[in-house]
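Enquirer: Chain residues, written in single-letter form:
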Amino acid sequence: MNPFEHLRIAFDALLANKIRAFLTMLGVIIGVASVIMLVAIGEGAQTYIRKELMGIGTNLLIIVPGKTETTGMGRMPSGIQKITIADLRALEKRATLLNGLSAVVVSNAPVKYQNRLRNVEIIGTDQNFEQVRNLHAEIGSFISKTDVDAQRRVAVIGRTVRKELFGEANPLGRTVKIGETKFRVIGIMESKGVTLGMDIDDHVFIPVETAQAIFDQDGLTNILTQAINENTIERAKEQIKAIMMQRHAGEEDFTIISQQAMLSTMQTILATFTYVLGGIASISLLVGGIGIMNIMLVSVRERTREIGLRKAIGASQRDILLQFVIESVTLSVIGGIIGILFGAGVAYGAKAAFPVLPVDVSAWSVALAFTFAFFVGAFFGIYPAMKAARLNPIDALRYE
Amino acid sequence: MSGAPLIQLNDVTKVYVTGAIRYEVLKGISIEVRRGEYIALIGASGSGKSTLLNILGCLDVPTSGHYHLEGEEISAKSDTELAHIRNRFFGFVFQSFNLLGRYTVAENVALPMVYHGLGRRERLDKAKALLARVGLGEFTGHYPSELSGGMQQRVAIARALANNPAVLFADEPTGNLDSKTGMEIISLFEQLNAEGTTLVVVTHDARVAQHARRVLTLADGRMLTDKQNSIAELTGA
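Chains as they are written, first to last, in our numbering: chain F, 34 to 433; chain S, 3 to 239.
Extracted from the complex, chain F is given alone in its bound form (with noise of 0.2 Å):
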């Protein structure tokens, strides 16, 4: 027989009992739009941290205090030492895989101007910071090594801090209050935006001994700095190791942190997140299965003299199980479809309304929530089915 045929007699069949059939799909319905639309999230999140790191830099390499990362048993070092400014002329002498260091020291304290008040993340760094980490001062210039080496008590400001602290005003060669400290400012940073989870924008730098001086610190938050090229990250990091570490008395009391070791973490984490959201809304997948399983059961059962019938006129037992696969397939299929429909119509819906929310429906996941909604409906299709082709023709033909 045409399979055709048998599509028609499953539409039909379905057509004949409209409300039932689509409340049995909503099972599939909903199952494949969680799917879809977790699957979106997860994998928009991915995609947003990728892009938020591959702006940091590919070659950019971050030395911070302690060790945060241990392999294998990993020994206890004997005491952390802080990483200092002496760290950061060593590495500066000796090491010849780098290209630029820049000293980091971050604190909080209040930035007052006038009678506006704003609480502030303050970067105190030096010259190389604009190269290291490819963000400039776009109005005025940036901190320069004289500031640093005489400890000058200038700033540059990000774009958000201007804007609350002096509206319209023009910022350049005014007073300013970090703490209990003035500072003239002597220019404002181009605007970056959130990277990383960190508003470039509303952030004030000042020069690194000062900050260190003000703040009553004598070590370093971290250091930055890059390597040459991509291919020397490797043996940069290997180069900071060993002089680091003959510094501080043979410890290895610090982490290299790199790109890709942050970019490969997080994918890591992202993805099995993904995996983890794509399997919850699996199981109510199978949930709306077992529900499809359940009305093809009612519909055997109902429709015990129309098989007789049938196998009575000449469908064989391939025929009716046929017939029945196929209607629950076609149930769950169209589920599916719609599924995917609504499931990317609220992904993208959530993406228009909130741009910022990282969304992205990958063809994978459509293309895997169909195809195990066409085998949810087959797998929960097939026991009716075989019920149904093992009837009696002559019983079902008497059953009331």
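In case anyone wonders, no lab produced these hints; they're calculated from the structure. Each residue gets a CB set at the ideal place from its N, CA and C atoms; glycine is no exception. Mixed in with the good hints there might be a few duds.
Heads up, incomplete: computed chain F residues facing chain S, CB under 10 Å, no partners named [unchecked claim]:
1) Glu38
2) Ala46
3) Ile346
4) Ser349
5) Asp352
6) Asn425
In silico negatives: residues of chain F with every beta carbon more than 10 Å from chain S [stated by the list, open to error]:
7) Ala43
8) Ile82
9) Ile89
10) Leu124
11) Phe199
12) Ala246
13) Ile247
14) Gln292
15) Ala294
16) Leu319
17) Val331
A few chain F positions that, by computed beta-carbon distances, are all more than 10 Å from chain S [said to hold, decoys possible]:
18) Ile52
19) Met87
20) Gly200
21) Thr208
22) Asn262
23) Met278
24) Asp286
25) Thr298
26) Ala400
27) Tyr416
Starting from the structure of chain F, add chain S where the hints point.
Expert: Just chain S, lined up with the frame of chain F:
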């Protein structure tokens, strides 16, 4: 009657086993059905006449014995082969019409042709012609529920004729009808037999038995009598 038998049963038995109990429904039946015959199967309830009809119509298989259809043994055929035989060789009419409510009258009549592999257009054209033949040419687009019982049974007869069957089997075709509409069905059977259709009818209805050319009486799973109605009896009825 002359010519080779269309159907030949040799010593056919049918035993149903329910738990520990054995029901011997048919205890060795041997009959021949020839082309163009009009046979009535009569007997008390439980005599085995419906079971015999089901075996003749390949809806059921004998426990033992031989069944030859046009000389070919079919006892060992598979389900698919039997479905094929039912589709091509036989038509069935039931006491309770068994029309599908979601299809129109014409679509119901066309149903056996679906399993014969005919295209939709061809099926519906043939269905309309068959409905005209049973006097329902104007009702092709109606749904079964819109028709009277007698009309529904005529639709069922048209459906049974869909694939030009060699034999039309009917199980109590007048059982659910009043005597007037029952008579219409009997006349229709007469007409179909006159046009060459072979009929085997299980019935309690004495009028059907009177109109048949040959009457087989079953009792307790055995053939009691097998007699030809004389022309005189027929005209006298």
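Enquirer: Against this structure, judge whether each hint is valid.
Expert: Going through the hints against the structure:
1. Given hint, Glu38/F at the interface with chain S, holds; its Cβ is 5 Å from that chain's nearest Cβ, closer than 10 Å.
2. At a threshold of 10 Å, the smallest CB-CB gap from Ala46/F to chain S is about 7 Å, leaving the interface hint in force.
3. For the restraint placing Ile346/F at the interface with chain S, the shortest Cβ-Cβ distance is roughly 4 Å, inside the 10 Å limit, so the hint holds.
4. Satisfaction of the interface hint for Ser349/F is found here, the shortest Cβ-Cβ separation to chain S being roughly 4 Å, below the 10 Å cut-off.
5. Interface hint status for Asp352/F: upheld, as the beta-carbon distance to the closest one in chain S is roughly 7 Å, under 10 Å.
6. A hinted interface residue such as Asn425/F counts as satisfied when its beta carbon comes closer than 10 Å to some beta carbon of chain S; here the least separation is about 8 Å, so the hint holds.
7. Against chain S, the non-interface label of Ala43/F holds: every CB pair exceeds 10 Å, the least being about 12 Å.
8. Non-interface status of Ile82/F relative to chain S is upheld: no Cβ of that chain comes within 10 Å, the nearest being about 54 Å off.
9. Consistency note on Ile89/F: stated as away from chain S, and its beta-carbon is indeed over 10 Å from all of that chain's, at 65 Å minimum.
10. Every C-beta of chain S lies more than 10 Å from that of Leu124/F, the closest at about 83 Å, which supports listing it as non-interface.
11. Non-interface status of Phe199/F relative to chain S is upheld: no Cβ of that chain comes within 10 Å, the nearest being about 77 Å off.
12. With a cut of 10 Å on Cβ distances, Ala246/F stays outside the contact zone with chain S, its closest approach being about 89 Å.
13. Under the 10 Å C-beta cut-off, the non-interface status given to Ile247/F relative to chain S holds; the minimum distance is some 85 Å.
14. For Gln292/F, the condition that its CB be more than 10 Å from all CB atoms of chain S holds, with the nearest at approximately 65 Å.
15. The non-interface label for Ala294/F is consistent with chain S: the shortest C-beta to C-beta separation is roughly 64 Å, beyond 10 Å.
16. Leu319/F, annotated as away from the interface, keeps every beta carbon of chain S farther than 10 Å; the closest lies near 31 Å.
17. Every C-beta of chain S lies more than 10 Å from that of Val331/F, the closest at about 16 Å, which supports listing it as non-interface.
18. Interface exclusion of Ile52/F from chain S stands, the closest Cβ pair being 15 Å apart, more than 10 Å.
19. Distance check for Met87/F against chain S: the nearest CB is about 59 Å away, which clears 10 Å, and the non-interface claim stands.
20. No beta-carbon of chain S is positioned within 10 Å of the beta-carbon of Gly200/F; the least distance is around 74 Å.
21. Even its closest Cβ contact with chain S, about 87 Å, leaves Thr208/F beyond 10 Å, as expected for a residue assigned away from the interface.
22. Non-interface status of Asn262/F relative to chain S is upheld: no Cβ of that chain comes within 10 Å, the nearest being about 70 Å off.
23. With a cut of 10 Å on Cβ distances, Met278/F stays outside the contact zone with chain S, its closest approach being about 80 Å.
24. Annotated as non-interface, Asp286/F keeps its C-beta farther than 10 Å from every C-beta of chain S; the closest such distance is 79 Å.
25. At roughly 59 Å, the least C-beta separation between Thr298/F and chain S is larger than 10 Å, which holds for a residue marked as non-interface.
26. Every Cβ of chain S is farther than 10 Å from the Cβ of Ala400/F; the closest lies at roughly 33 Å, confirming the non-interface assignment.
27. Its beta-carbon lying about 19 Å from the closest one in chain S, Tyr416/F satisfies the requirement of being farther than 10 Å from that chain.
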